[in-house]
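Colleague: Once you have looked at the hints, place chain H on chain P.
Protein chains: 2
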Amino acid sequence: MNILVTNDDGIFAPGIYSLACALSKIGKVYVVAPNRQRSATGHAITMHEPIRAEKVKFFDKDFDAWAVSGTPADCVKIGIQGLIKEKIDMVFSGINKGPNLGTDVLYSGTVSAAIEGAILGYPSVAISLASFRNLYYDGAAEFSIQIAKKLIENELPLDTLLNVNVPNCRKEEIQGVHISTLGARKYNNTFIERKDPWGETYFWLGGELVDEKKEEGTDTYSIENNYIAITPIHFDLTRFDLIEKVKGWDIQV
Amino acid sequence: MNILVTNDDGIFAPGIYSLACALSKIGKVYVVAPNRQRSATGHAITMHEPIRAEKVKFFDKDFDAWAVSGTPADCVKIGIQGLIKEKIDMVFSGINKGPNLGTDVLYSGTVSAAIEGAILGYPSVAISLASFRNLYYDGAAEFSIQIAKKLIENELPLDTLLNVNVPNCRKEEIQGVHISTLGARKYNNTFIERKDPWGETYFWLGGELVDEKKEEGTDTYSIENNYIAITPIHFDLTRFDLIEKVKGWDIQV
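As they're listed, the protein sequences go chains P and H.
Start counting the first sequence at 1; every next residue gets the next number (our numbering).
Start counting the second sequence at 1; every next residue gets the next number (our numbering).
A couple of the hints might just be wrong.
Identical chains share a label here; the pair holds if one copy fits it or two copies do between them.
In silico lysine-lysine, PhoX-like type, Cα no more than 20 Å apart, as pairs [as the list claims (entries may be wrong)]:
(1) Lys149 - Lys247
(2) Lys245 - Lys150
(3) Lys213 - Lys87
(4) Lys245 - Lys55
Quick caveat, the hints were computed from the structure, so don't treat them as lab data.
Pulled out of the complex, with its shape left as it was, chain P reads as follows (with noise of 0.2 Å):
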């Protein structure tokens, strides 16, 4: 089984680095990540300029490994379609140092490369450590063998991906594993003001998370509750319940 590993926290940071070691133990590992940090990118691709592509040392590792100066998405689609000369069966991201839980997918690299590869046909997993201090990748790691296991026996139709969210605990800590919904999950953004040192003005995005109640059957309630979050994701938007409520409108050219 060849497997294409990617991230959004660039190809050097230790999330990465744990899911490729813990799925080289089934299957062949090729290392396609972003050169830096790119948190945030969304499911954004890179058209109005090249892309560079280096192949680099993974760590310690003997893996096929590059670093791609595009996108999350960027890295799956030139790893499949560029890159890599075998044929992949699996497609996983992350492991992202953070949540991607409720609404944060819309944001997130790790999810929209695990998008990308379900887009372009492979059975395909996004994996969130939900934590951002003293991270603890390894049980999330062994975890993500766990899925592609999964994934072989049980087949998801090719427009769904997981989403897969782990909390910051030893193993012995989990209560278990919930297959749950996108929660809810608001941020109460603030734009800050500065000066620059020649006196312009800049803002920086900031604010917090808005703290709501977490309904149970939902991802933000699992992780809240030290369970293992798995959401069945797809890509397809229409919101079909309201086709025929738009069609009463009666709107004409």
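Modeller: This is chain H only, laid out in the frame that chain P set:
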């Protein structure tokens, strides 16, 4: 009524000028748009560097207008949460140069800006002109007035926005309005490999649309047949119908 207008082709693109002028007939227009071409940025946001927002003269108009160094989604965030002091009633993004049909919406900065508007709780519309050549924006711009009026008369759920694609032809050639689903839209990507003047390899994302059957009821079908396509879309990617199935996989920690 206060209307925020943005796009992904940049603040000095002709499409946003047509849109802003049309909407100024029914409300006060605020323009907050990228200071350069930002197509295919998806739902990227700028978290890891500062954002500049420069007040600019918008063509021959007196609209309040800012050219922003960030992405289209940034423009909506910083417009509503930082720059504009009045209460915004509606967000319009466009008029995009080129269609945003089917899976295009995932990559589109234009659509992502409207999604951001919906995330923040505002009635939001993305509008695109379905051609890259000999663009005739004024018809689509006039049509945006009708969409805005319908959105006032008829409420959409807060998590839903409208993705509108307009055929690039004279009003009398348009066959009507379809409320459509997102169609399939596949690209046969190829990465063109070249050498730079110093002998180093670089790649360009190339390739073309795969011509496939356009199913009746989809936006791709509507546009092909010279209908305006309006698709209600949302941003909950959960594949609800597969939750129970994946529960049956019995994944253990």
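Colleague: Does each hint hold? Answer for all of them.
Modeller: Against the structure, the hints:
1. Lys149 - Lys247: Cα proximity of lysine 149 and lysine 247: across copies only (15 Å, versus 44 Å in one copy).
2. Lys245 - Lys150: Intra 39 Å, inter 12 Å, cutoff 20 Å: inter-copy only.
3. Lys213 - Lys87: neither (44 Å within a copy, 27 Å between copies)
4. Lys245 - Lys55: neither (53 Å within a copy, 40 Å between copies)
In this structure, the earlier hints numbered 3 and 4 are contradicted, and the remaining ones agree with it.
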